[in-house]
Amino acid sequence: MPTVHFTANLASQTSAPICQMDGATVREALNAVFTQHPTLRSYVLDDQGAVRQHVVVFVDGTAITDRQKQADAVKPNSEIFVMQALSGG
Amino acid sequence: MSTKLYLGTRKGLIEAERSAAGWRITRNSFLGVQVPMLLPDARDGTLYAAVEHGHFGTKFHASHDAGANWEERACPAFPPKPEDAPKVLNMADQQPIPWDLKKIWALEAGAADGELWCGTLPGALFHSLDSGASWRLVESLWNDPGRAKWMGGGAEWPGIHTILVDPRNRHRLLIGVSCGGVWESTDNGATWRNIGEGIRAEFMPPDQAYDPGIQDPHRIAWSAADPDTIWMQHHNGIFHSTDGGQKWREITHANPSNFGFAVAMHPQDSQTAWFVPGIKDELRVPCDGALCVMRTRDGGQTFEPLRQGLPQEHAYHLVYRHCLDVTGDGRTLAFGSTTGSVWISENGGDSWERLSADLPPIYCVRFG
Chain A
631 MPTVHFTANL
641 ASQTSAPICQ
651 MDGATVREAL
661 NAVFTQHPTL
671 RSYVLDDQGA
681 VRQHVVVFVD
691 GTAITDRQKQ
701 ADAVKPNSEI
711 FVMQALSGG
Chain B
15 MSTKLYLGTR
25 KGLIEAERSA
35 AGWRITRNSF
45 LGVQVPMLLP
55 DARDGTLYAA
65 VEHGHFGTKF
75 HASHDAGANW
85 EERACPAFPP
95 KPEDAPKVLN
105 MADQQPIPWD
115 LKKIWALEAG
125 AADGELWCGT
135 LPGALFHSLD
145 SGASWRLVES
155 LWNDPGRAKW
165 MGGGAEWPGI
175 HTILVDPRNR
185 HRLLIGVSCG
195 GVWESTDNGA
205 TWRNIGEGIR
215 AEFMPPDQAY
225 DPGIQDPHRI
235 AWSAADPDTI
245 WMQHHNGIFH
255 STDGGQKWRE
265 ITHANPSNFG
275 FAVAMHPQDS
285 QTAWFVPGIK
295 DELRVPCDGA
305 LCVMRTRDGG
315 QTFEPLRQGL
325 PQEHAYHLVY
335 RHCLDVTGDG
345 RTLAFGSTTG
355 SVWISENGGD
365 SWERLSADLP
375 PIYCVRFG
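Chains as they are written, first to last, in the working numbering: chain A, 631 to 719; chain B, 15 to 382.
In silico lysine to any residue, SDA-like type, Cα no more than 20 Å apart, as pairs: (1) K699(A) <-> P112(B); (2) K261(B) <-> R214(B); (3) K117(B) <-> Q643(A); (4) K117(B) <-> T669(A).
Calculated from the structure, these hints are not laboratory results.
Could you build the full structure based on these sequences and the hints that come with them?
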């Protein structure tokens with residue numbers, strides 16, 4: 631199952647451990663994480679469920695393209711990284 | 015007399031405390047993260063803080079021990095945008111107003127235990143009945159057709175920066191919107207009315223200058239002793255109301271300037287108010303490089319600049335709208351600047367002492 635990693639800065643603000651979660655898309659994998667760590671959702675997604683403006687999500691090294699619904703596909707062995715964008719720094 | 019002062023800053027929440035030796039800075043929380051708004055709730059001693067992460071958005075925290083320990087509460091959030099929601103554009107640039115919290119810009123205690131009101135950018139009002147465990151968008155205001163005229167003032171989107179809860183009738187609220195004027199509710203937010211006859215906007219075409227729905231009140235303050243008497247520091251002037259905000263009179267003889275952001279009223283004396291003037295909109299620095307607080311003690315007939323203890327040459331301090339506060343006795347005042355200085359007066363503004371010149375830009379100043 632895909633592995634989800636969060637930037638260390640996020641983990642310093644709220645519970646954001648490395649997780650292995652079922653999911654065929656980024657949204658499915660993230661939702662599975664948020665079910666276990668509900669506070670984390672608003673740190674990654676905005677009020678309408680889009681990836682926050684200054685957060686970037688990578689799947690196997692490539693930034694996802696569907697920032698609104700995170701429908702980008704993931705493979706069982708994918709590595710998902712939730713990072714902070716330099717734009718927000 | 016209050017002995018605690020809380021500062022929301024660009025780099026966290028900073029506390030100061032009064033002891034026999036005077037005021038000194040004692041602690042910081044949320045180091046490195048913006049704190050645009052905070053509320054020391056006098057009802058039960060809870061300290062609330064809006065914490066705005068550059069990457070991860072705004073969060074809402076509460077402390078039961080005056081800032082020693084914090085717990086995260088729910089943050090106001092917009093509900094899912096209905097597909098058939100009418101598109102509301104920011105009037106000035108014709109861009110859609112987002113259904114997404116950008117900044118907490120006002121936070122006040124309501125009438126009931128645990129009741130809180132929160133104003134945000136974009137311009138929305140949120141209501142909590144459980145000390146911030148949950149929030150509800152005040153849809154009556156969000157859906158008001160008058161919102162279509164609102165526009166950003168200083169910020170990209172319009173925002174609610176002032177919430178006044180009438181101590182005589184705690185179901186009566188006044189809110190200030192930049193830019194969207196003054197709105198009144200007499201039923202605890204169920205319905206709203208845009209008020210403000212006589213407020214003038216220089217930034218609009220002449221035929222719309224007195225439209226109450228596009229005004230830019232930088233900050234509105236009333237006296238707890240007489241909430242019908244209200245002062246407004248507006249984008250292009252100072253306005254005064256003695257009928258609860260229905261009608262306003264423009265002040266054109268303030269000394270040294272009619273421009274600024276902050277205003278505070280004496281809690282017991284409705285004739286006394288304080289402002290922190292700058293030169294003008296397009297020159298947001300102290301007049302002649304000399305910082306002062308401006309005070310009226312006769313309901314706006316005369317104004318006096320208070321300068322003792324404040325830098326009087328080469329001063330570039332700008333004081334934002336939430337950065338001037340006064341204690342309940344009307345004696346102790348504090349204000350903080352974008353250049354990281356905070357001054358305190360314990361004699362109604364007659365003289366000032368600088369708490370620090372080394373702080374981050376100050377966003378919010380409140381006594382606890």
